[in-house]
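The primary structure of each chain is shown beneath.
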Amino acid sequence: MNPSLAVIFLTLFSGAGFGLMATVAVVNDFAIDGGLSPLRTAILVALALLLVTMGMVSSTAHLANPKNAWRAFTRWRTSWLAREGVFAVLFYPVAIAYLGWVFFTNTDRDGVALALGNAAALIGLITIFCQGMIYACLRTIRQWHTPLVPANFYALGLALGMTVLATSRVLARGHDLVLVSTASALLVAAAVMKAIYYFWIGAPSGTTLQTATGFTRGRVRLLDQGHTFGTFLTHEFSNSISPVRARYFKIGVYLLGFLAPIAILLLATRTPIGLTVLLAPVLAFIGIGLERYLFFVEAQHVVNLYHGRMPGPLPQMHPALRAHAADALSAGKPGRLVPSYEKR
Amino acid sequence: MRLGLVIDLDTCVGCHACATACKEWNTSAITAPLTDYDPYGKEPSGVWFNRIRHYEIGEYPNNKTINFPMSCMHCENAECVTVCPTGASYKRPEDGIVLVDQDKCMGCNYCSWACPYGARELDRESGTMKKCTLCVDRIYDEALPAEERQPACVLACPAHARLFGDLDDPESTTSRAVRERGGYALMPELNYSPTNHYLPPRTRPSISTSDLPRGSLARKVKEWVNRVVER
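Chains as they are written, first to last, in the working numbering: chain C, 1 to 344; chain G, 345 to 575.
Certain hints may be false.
[Unchecked claim] Taking lysine to aspartate or glutamate and the EDC-like style, the derived pairs with C-alpha atoms no more than 20 Å apart in a straight line are: (1) G/LYS435 to G/ASP380; (2) G/LYS408 to G/ASP354; (3) G/LYS386 to G/GLU400; (4) C/LYS67 to G/GLU492; (5) G/LYS386 to C/ASP224; (6) G/LYS435 to G/ASP512; (7) G/LYS367 to G/ASP354; (8) G/LYS367 to G/ASP485; (9) G/LYS367 to G/ASP481; (10) G/LYS367 to G/ASP382; (11) G/LYS408 to C/ASP33; (12) G/LYS448 to G/GLU469; (13) G/LYS367 to G/GLU492; (14) C/LYS67 to G/ASP447; (15) C/LYS67 to G/GLU469.
The set of hints was computed from the structure by calculation and includes no laboratory data.
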């Protein structure tokens with residue numbers, strides 16, 4: 001799939017914003033480590049609103065005809081994209097009411113504050129679910145059609161939110177073990193969930209060029225794709241990444257997205273490192289942004305089969321078999337599709 | 345009623361006439377225009393509702409070239425309609441044609457992600473999604489003679505490889521062809537229940553060469569000289 005920045009930023013920033021809102025609500029609900037001060041709560045909720053808004057604004061850049069974007073709320077009965085829009089918009093009044101209440105009454109412990117905070121957190125979490133289901137409901141893309149997708153969106157959003165929250169606590173108090181260890185635990189959980197996903201998407205798909213053309217008894221090979229230059233289909237669906245490059249990217253995801261933030265936060269609990277602790281959320285965003293890029297670029301739409309491209313490499317296969325499979329599927333070289341009248 | 349196409353892979357010669365006829369009709373029809381990008385330049389591209397690909401089936405010498413036209417399948421279970429957040433994509437209950445309301449589409453591409461057949465293409469110029477309309481503005485046009493109330497691709501096909509009809513009516517030409525020739529739908533495992541069907545190539549006995557008259561001695565010498573002497 002085309003890894004468009006608009007969609008990467010939408011899922012990354014709004015996921016982190018909803019995650020931050022949820023972690024703020026939980027920390028205040030149970031007064032974890034004494035809870036947050038009203039001012040700090042207000043700042044963090046404002047930050048959550050900012051992140052969600054950044055995501056929503058960048059998502060409109062993905063629309064070719066944004067003047068009709070208001071219609072996107074109408075088909076919530078069938079479309080996960082419409083549901084996401086409805087809940088994302090519902091999030092604003094509740095979160096802003098919470099922010100206003102905490103800011104003007106200077107308390108985040110009374111019933112109204114807790115009710116508003118939890119309502120905003122719940123709507124945010126529902127929005128993350130809808131966001132994951134946008135991708136998970138598509139049967140045409142094997143790498144997305146798995147319940148692990150919304151699960152990953154949850155884990156990554158909550159981990160990012162908690163990392164931001166723990167960083168703000170470290171900045172305020174110098175060191176704090178409770179929130180930092182919670183953030184580390186969420187980052188580890190998200191990393192493990194993502195690893196499960198990476199193993200899972202290696203499974204071969206049931207759909208092949210044989211079932212796509214109906215010639216299931218013999219070999220089918222593309223002779224000509226019928227167009228001399230790219231089409232909408234090649235632009236939108238033909239992006240891919242070589243397995244070697246993807247492996248380096250995944251190492252980057254784990255180093256930047258999970259390992260570095262945990263190390264920086266833990267370091268901050270031992271020695272005062274001042275503003276350097278801000279690197280923890282920044283690196284987490286970069287690493288998980290890289291993860292989101294891979295999420296799109298590794299996804300292979302079945303329409304690529306018609307262009308002679310086989311679904312991605314099969315990392316789970318035995319190396320001996322893999323070499324054989326690569327031979328048989330030689331048309332499945334990664335990279336963009338070439339014009340059909342290329343020199344042979 | 346379930347209107348759709350049946351495509352005969354036995355007779356399709358891969359001439360792309362259906363695609364050009366489609367482009368010609370639809371570039372001034374209800375979802376017009378079908379924008380071209382850089383049409384006379386080095387990198388020509390544009391919006392098409394019908395694309396023809398060419399495949400080789402089997403291994404030499406038992407191989408065969410198959411020309412494979414593909415357009416919207418007007419699926420029974422059209423996920424492109426289900427996922428559309430704006431309600432721009434819809435399936436007409438009366439004849440099963442899947443259409444995009446150009447006034448409602450916001451160009452989010454989500455329906456094209458849901459379509460396994462690559463039937464939908466975004467027009468960058470208008471910012472809306474466009475797709476095969478089954479020539480809905482031809483097939484009901486009473487100003488046209490009855491035999492011309494068919495999609496442009498069907499009328500243009502020189503090999504009569506495209507049939508248009510009601511696949512709900514068991515006695516229509518299309519249903520009969522599907523029944524008699526073993527017509528099939530593409531990617532049945534995805535459960536989109538496409539309306540369009542494909543007819544497989546007929547199996548014919550291979551032409552025997554053993555009963556051909558053997559060449560005379562003079563002819564054999566000529567063939568041998570031809571092989572040896574370079575011109």
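Results for each hint:
Proposed proximity of G/LYS435 and G/ASP380 is contradicted: the alpha carbons are some 27 Å apart, above 20 Å. Distance restraint check for G/LYS408 and G/ASP354: the Cα-Cα separation of roughly 10 Å lies within the 20 Å cut-off, and the hinted pair is therefore satisfied. Taken as a hint, the G/LYS386 and G/GLU400 pair is broken in the structure, with Cα atoms around 28 Å apart against an allowance of 20 Å. The suggested pairing of C/LYS67 with G/GLU492 is violated, with an alpha-carbon distance near 38 Å, which exceeds 20 Å.
At roughly 19 Å between alpha-carbon atoms, G/LYS386 and C/ASP224 fall within 20 Å of each other, so this suggested pair holds. For the hint linking G/LYS435 to G/ASP512, the alpha-carbon distance of about 16 Å falls within 20 Å, and the restraint holds. Between G/LYS367 and G/ASP354, the direct Cα distance comes to roughly 24 Å. Violation of the 20 Å bound is thereby established for this hinted pair. Of the supplied pair hints, the one linking G/LYS367 and G/ASP485 holds, its CA atoms being roughly 19 Å apart against a limit of 20 Å.
For the given pair, G/LYS367 sits about 14 Å from G/ASP481 by alpha-carbon distance, which is consistent with the 20 Å threshold. For the hint linking G/LYS367 to G/ASP382, the alpha-carbon distance of about 16 Å falls within 20 Å, and the restraint holds. Among the hinted pairs, G/LYS408 with C/ASP33 is inconsistent with the structure: their alpha-carbon atoms are about 73 Å apart, more than 20 Å. Proximity of G/LYS448 to G/GLU469 is assessed by CA-CA distance (about 16 Å); at most 20 Å being required, the pair is judged to hold.
Taken as a hint, the G/LYS367 and G/GLU492 pair is honoured in the structure, with Cα atoms around 17 Å apart against an allowance of 20 Å. For the given pair, C/LYS67 sits about 10 Å from G/ASP447 by alpha-carbon distance, which is consistent with the 20 Å threshold. Simply put, C/LYS67 and G/GLU469 have alpha-carbon atoms about 14 Å apart, close enough for the 20 Å limit, and the pair holds.
Consistency with the previously given hints fails for numbers 1, 3, 4, 7 and 11, ordered from lowest to highest.
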